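From just these sequences and the hints, can you work out the full model?
Numbering (my numbering), first residue to last: 10 to 348.
No lab work stands behind these hints, which were simulated from the structure alone. None of the values given here were measured: they were computed from a predicted structure.
Cβ-Cβ distance ranges computed for the label pairs, FRET-style: (1) HIS86 - LEU282: 42 to 50 Å; (2) GLU286 - GLN33: 44 to 52 Å; (3) GLU286 - GLU36: 53 to 61 Å; (4) PRO292 - LYS164: 15 to 23 Å; (5) GLY37 - GLN62: 27 to 35 Å; (6) LYS238 - ARG140: 30 to 38 Å; (7) ASP345 - ALA49: 42 to 50 Å; (8) ALA16 - GLY136: 41 to 49 Å; (9) ILE160 - GLU261: 16 to 24 Å; (10) GLU337 - ALA119: 30 to 38 Å; (11) GLU36 - SER341: 34 to 42 Å; (12) GLU286 - GLN239: 48 to 56 Å.
Don't be surprised by glycine CBs; every beta carbon is placed ideally from N, CA and C.
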Amino acid sequence: MTKKMFASDNNSGIHPAILEAIAQANEGHVPAYGSDFYTAAAINKFKEHFGEQCDVAFVFNGTGANVTGLKAMVRSHQAIICTDGAHINSDEGGAAEGIIGCKLLTVPSADGKLTTSGIEQHLHNIGNQQRSQPKAVSISQCTERGTVYTIDEIKEITRFAHDNGLYIHMDGARLSNAAAHLGCSLAEMTVDAGIDMLAFGGTKNGLMMGEAVVCFNKELASEIKYIRKQGMQLGSKMRFIAAQFDRLLTGELWLDNAGHANRMAQLLADGLLADPEISLSQPVESNAVFATMPRGRIEQLLKEHSFAVWNEERNEIRLVTSFDTTEEDVESFLADVQR
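Here it is as structure tokens:
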């Protein structure tokens, strides 16, 4: 039997407060498909954090959130620019290309971040009918490499994209972890920084399931409800997704969960760095630790622990902490590393 998993924050349980919110929402009958007071209350919470101008659509999962938001931004003859390691490119089974019918134009990135120069390299065939036409840029906050864009970096990208007629999408599966790292509000690195469309994550931060599509661009908002339905992401008993977000965004539960996960990742990284055979391959800026160690030690650890071997050639592993990771879990893993 494996010990506490470091493979993904998807492996964690449900935060007790979220579980309680689900139970409370289970009382009686309410209108279906989001016409209920739980959904209305949750949307109001989003408006408190992101501003009155945002439109919110709840979906089942992260892929659904990304595809729903992106489909409102691009048509099938158009393209989305992203890094080669972006979740929409490497971990969603080709959903964006398969469901939207568009093309992904990728940019190599060692740290998971996209830059304006990376975007610019795909802007040399505008108007050429034989080439997919770039229409959107997608960035991840936090990135798939655990790194975090600064607010200035996001603003630079959004300004460049908008100046070139491109929409900006943000995959915010771990947006709360980024806010905890930067010490900023959710709005400061999204709507205030020029983001048009956001996929806001809940599952990785204590929810049972559920993500939210948050649209800041009114030109794009009107089509989302139809895209969500056609994409099989409209929940009939939506109150159970909405109630979770209502509780998550009440007070600072979202921030407490993310901040704790980040601190456990830093504790884990500090312990690994005490070993001369181990080095970090990325700075620790969220709840993910990327490290390299001798292959033999990786194989021994995998007998008792669950984590990802990120790059076999470089002997690079990824360790992810969660809201329910404890100091004892970290110490237990570090003890086995030394053993």
